[in-house]
Amino acid sequence: MADHRADVVVVTPRRKELARVLAHRGGQGLGVAVLVSVLCFLVVRTLPGDAAYRIAAGRYGYDLVDQEAADAVRAELGLDRPAWRQLADWLLDLFQLDLGRSLVTSRPVVEEVGYYLLGTLQLAAVSLAIAIVIGAGAGVLAARRPGGPMDRLATAWVASVRAVPPFLLGLLLVVVLSAQLGLLPAVGHGGAASIVLPALTLGIGLSGLVARITRDAVVEVRASAYVQFAQTKGLPERWVLVRHVVRNAAVVLVPYLGVQAVILIEGVVVVESLFSWQGLGHAMVHAVFWRDVPVLQATALVLALLIVAVNTLVDLAVLWLDPRPRRLEVAA
Amino acid sequence: MRALLRTPLTATLTAGLLAVSACGSGPGRDAPSDTLRIAGPFEVHSLDPTADGEIFTRLEVTETLVTSDLEGELAPGLATEWAAADGNTQWRFELVDGATFHDGTPVTAEAVVAAVERAAAVEASPLAEIPIERIDAEGSAITFELEQPNLTLPAVLTHYSTAILAPASYDERDQVTEVIGTGPYEIEDIELPASIRTTRSDEWRGEAPDVENVTFQAVGRPESRALMATSDQADVVFGLEPAGRQRVEGSDGVRMESSLQPRTILLKLNADHPVLGDVRVRRALSLALDREAMADAVLREEELAATQLLPPSLTAWHPELEPLTQDQDRARALLAEAGWTPGADGTVQRDGEPLELELLTYPDRPELPALATAIQAALAEVGVRLDVEVTNSSEIPAGQADGSLQLALIAKHFALVSDPLVDVSTVFAPEGNDWGVMNWRDPRVETAIDALLAGAPEAEAARHRETIVRVAQEELPLIPVAWYRMNAAVSDRVEGFVMDPLETTWRITGLTWSS
Numbered sequence: 001m002a003d004h005r006a007d008v009v010v011v012t013p014r015r016k017e018l019a020r021v022l023a024h025r026g027g028q029g030l031g032v033a034v035l036v037s038v039l040c041f042l043v044v045r046t047l048p049g050d051a052a053y054r055i056a057a058g059r060y061g062y063d064l065v066d067q068e069a070a071d072a073v074r075a076e077l078g079l080d081r082p083a084w085r086q087l088a089d090w091l092l093d094l095f096q097l098d099l100g101r102s103l104v105t106s107r108p109v110v111e112e113v114g115y116y117l118l119g120t121l122q123l124a125a126v127s128l129a130i131a132i133v134i135g136a137g138a139g140v141l142a143a144r145r146p147g148g149p150m151d152r153l154a155t156a157w158v159a160s161v162r163a164v165p166p167f168l169l170g171l172l173l174v175v176v177l178s179a180q181l182g183l184l185p186a187v188g189h190g191g192a193a194s195i196v197l198p199a200l201t202l203g204i205g206l207s208g209l210v211a212r213i214t215r216d217a218v219v220e221v222r223a224s225a226y227v228q229f230a231q232t233k234g235l236p237e238r239w240v241l242v243r244h245v246v247r248n249a250a251v252v253l254v255p256y257l258g259v260q261a262v263i264l265i266e267g268v269v270v271v272e273s274l275f276s277w278q279g280l281g282h283a284m285v286h287a288v289f290w291r292d293v294p295v296l297q298a299t300a301l302v303l304a305l306l307i308v309a310v311n312t313l314v315d316l317a318v319l320w321l322d323p324r325p326r327r328l329e330v331a332a
Numbered sequence: 333m334r335a336l337l338r339t340p341l342t343a344t345l346t347a348g349l350l351a352v353s354a355c356g357s358g359p360g361r362d363a364p365s366d367t368l369r370i371a372g373p374f375e376v377h378s379l380d381p382t383a384d385g386e387i388f389t390r391l392e393v394t395e396t397l398v399t400s401d402l403e404g405e406l407a408p409g410l411a412t413e414w415a416a417a418d419g420n421t422q423w424r425f426e427l428v429d430g431a432t433f434h435d436g437t438p439v440t441a442e443a444v445v446a447a448v449e450r451a452a453a454v455e456a457s458p459l460a461e462i463p464i465e466r467i468d469a470e471g472s473a474i475t476f477e478l479e480q481p482n483l484t485l486p487a488v489l490t491h492y493s494t495a496i497l498a499p500a501s502y503d504e505r506d507q508v509t510e511v512i513g514t515g516p517y518e519i520e521d522i523e524l525p526a527s528i529r530t531t532r533s534d535e536w537r538g539e540a541p542d543v544e545n546v547t548f549q550a551v552g553r554p555e556s557r558a559l560m561a562t563s564d565q566a567d568v569v570f571g572l573e574p575a576g577r578q579r580v581e582g583s584d585g586v587r588m589e590s591s592l593q594p595r596t597i598l599l600k601l602n603a604d605h606p607v608l609g610d611v612r613v614r615r616a617l618s619l620a621l622d623r624e625a626m627a628d629a630v631l632r633e634e635e636l637a638a639t640q641l642l643p644p645s646l647t648a649w650h651p652e653l654e655p656l657t658q659d660q661d662r663a664r665a666l667l668a669e670a671g672w673t674p675g676a677d678g679t680v681q682r683d684g685e686p687l688e689l690e691l692l693t694y695p696d697r698p699e700l701p702a703l704a705t706a707i708q709a710a711l712a713e714v715g716v717r718l719d720v721e722v723t724n725s726s727e728i729p730a731g732q733a734d735g736s737l738q739l740a741l742i743a744k745h746f747a748l749v750s751d752p753l754v755d756v757s758t759v760f761a762p763e764g765n766d767w768g769v770m771n772w773r774d775p776r777v778e779t780a781i782d783a784l785l786a787g788a789p790e791a792e793a794a795r796h797r798e799t800i801v802r803v804a805q806e807e808l809p810l811i812p813v814a815w816y817r818m819n820a821a822v823s824d825r826v827e828g829f830v831m832d833p834l835e836t837t838w839r840i841t842g843l844t845w846s847s
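Line by line, the protein sequences give chains A and B. Quick note: the first sequence, position 184, residue 184 per this note's numbering, numbers continuous. Quick note: the second sequence, position 382, residue 714 per this note's numbering, numbers continuous.
Bear in mind the hints are in silico, worked out from the structure with no lab data behind them. Values in this document were obtained by computation on a predicted structure and should not be read as measured data. C-beta: ideal position from N, C-alpha, C; glycine also. There is no bait here: all hints are sound.
To give an idea of the interface, some chain A residues facing chain B are shown, with a C-beta separation under 10 Å as derived from the structure: (1) 104; (2) 188; (3) 275; (4) 276; (5) 282; (6) 289.
With a cut-off of at most 20 Å between alpha-carbon atoms, the simulated SDA-like pairs for lysine to any residue come out as follows: (7) 744(B) - 571(B); (8) 744(B) - 61(A); (9) 744(B) - 764(B); (10) 744(B) - 67(A); (11) 744(B) - 68(A); (12) 744(B) - 66(A); (13) 744(B) - 773(B); (14) 744(B) - 733(B); (15) 744(B) - 63(A); (16) 744(B) - 730(B).
Some chain A residues well away from chain B (every beta-carbon gap over 10 Å; in silico): (17) 14; (18) 23; (19) 44; (20) 77; (21) 114; (22) 137; (23) 144; (24) 209; (25) 225; (26) 237; (27) 255; (28) 301; (29) 308.
Just need the whole structure built from these sequences, with the hints factored in.
The structure is reproduced here in structure tokens:
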């Protein structure tokens, strides 16, 4: 434990880089949190209509809401306080890590958002895995002989999955896998089987571009001088692929996947609603609709922090993957 | 251009897909034989009966003191009998013997009083409208003392917001954390907002129902619901759209059931407006509408065209009247009578001013904006220019409050509690109502409503109801446009399904498995 050598840690360039990335992203996360909160608050205030009325409608249903019910909600939630007071209270609570309670359901926001976040992360992870297996697999195969039959097949795949909107692809999968073959439940949230269809819909849709990017990256890397050198020095083809081609191609692919992961986390409302999958997109739409400001702010906050987190992971992964050492300070 | 091309293409592809899959009958998977699977569009966001309580009365988990039968007549719930005294200011509800909450505790009058008081404190509950002075527990009964005579109290107590929960359902902040009711089914598992599982309760005082377990799944997309209905992934599916209905009708093993809902789509108008204050203009607007074509095009059912304010399913409120029909010549003649003559551009004008009106509606019910544009086109044909603004529904009460509202297209439910009188009396309130008349009152209607609220005997009551609907038809403070139909796809596994127009419960206890 008390290893005196630990006191004189030699900061290697890579570790220094790691600290730089983490510090930079941490600061970014904090800034984003405040900015997003304030923006959400302001945006909701500019939406048309009486917020108290919308919240009352979300709580009690349209048929039961009139001006009196809306006024009761306004008084209960203090919506008639000046705007700056409401914002200041929220920010104060936020710094105490208290996200408050939903205006509509009265449940703690942490519970609500946590539930939807879990759904979103599960779906995004499985979809990305499917996209990588199908897309990267097809891309590597296509790149073996550019212009060959596999390459053409992959191009056809890319074009067709990009052309079909996710909603239609989802319906198609439901009709075939669920209604016709009876293999999977059409909708639902919970059972392991229920994630397959929404994840397939998103994963297949994404696999086209992943295949395209992988193929181009692999073709480019294969034509590079260092791969040719590796081949010339007599390294078996498999080792060339694993050590040089895949690793270098991944430097291109990983940031792209990071962007896709962000898209998956942010906006898959259509697929979520088609399969009744409970995710953040769904929660956010409802929060806007019902003027549920705390839930909206928390959802946007979580999304913003997730984007920062994904970017951090991408940075770290690239740092680890990229064989070229960067920002090496020249030792005197 | 691309977007234009894409939409019909997607629609064609979807239709094609559905058609292809309809040809082959999907292999039914082995459904759990003792579980009734219900799917519907309704998400559940709260356990509180005053918020999302309808789902729990529909699933027969919770009960209200009074309930209603299929004809909308009052029926015993947790109370077996009730009576008023002292000029209808004292009400006494006798509780049923041997009722037990799902946690095994007995249903006491004190627990019932606490639950009812809680509902009365929520402004959105119809119970808040009743002038209650105090509620007391008296042995096996609860009593209401009212500030003014009221006869609608038993009907109001059919509303789901007054469902009775066990004291253990609430936490120290008085929030509902668990739904512990008294119905034939108890909650086994809830995952808000989309799924609920219930099972037969051992505490139920009546005969054990045939169906042992029930699952409810909220499914937002109508396409998904239709697929569930036809591929045997649900036994009862509520809320299908026209394409889904056709698909169900073409499938084996599943049938459509439907019932008129006590809801009317109507044009609410400001009767104090310089133009709309003239009854001839209001009649002209009504005569300009081709309701059948609109109902056919938007709701896909011609019969939903409204011929009077309330739908025929509310028999007591649907007297024989001259139906509202289209007559453009008569509409133009009435406008001319009111001083509006055709101008150069086809728009009618008076003193050089064209007749321009603004209509507000909201997108929460997707048929409303579509109907609004149909109304716009129909009025243009008689020379009335209409600006349609699709906005937030709260703009309508706001416009009513500041007097700026001209016209609004709304969907109004007329039987939130089992007696439509409660809703009719608020809709025609002399001071106006957010979802009723604006700046309009008529002594004939006021007298009739007062007499009904005071408990007029049946023969007389029928006459009063007729007066209200007839005066509304002549004076048109609200212009009816269309009625609503609700539907469900029901699997042949299930027998005895009935559709309650008031949706008080889904009558699961009445269902049996077909052999």
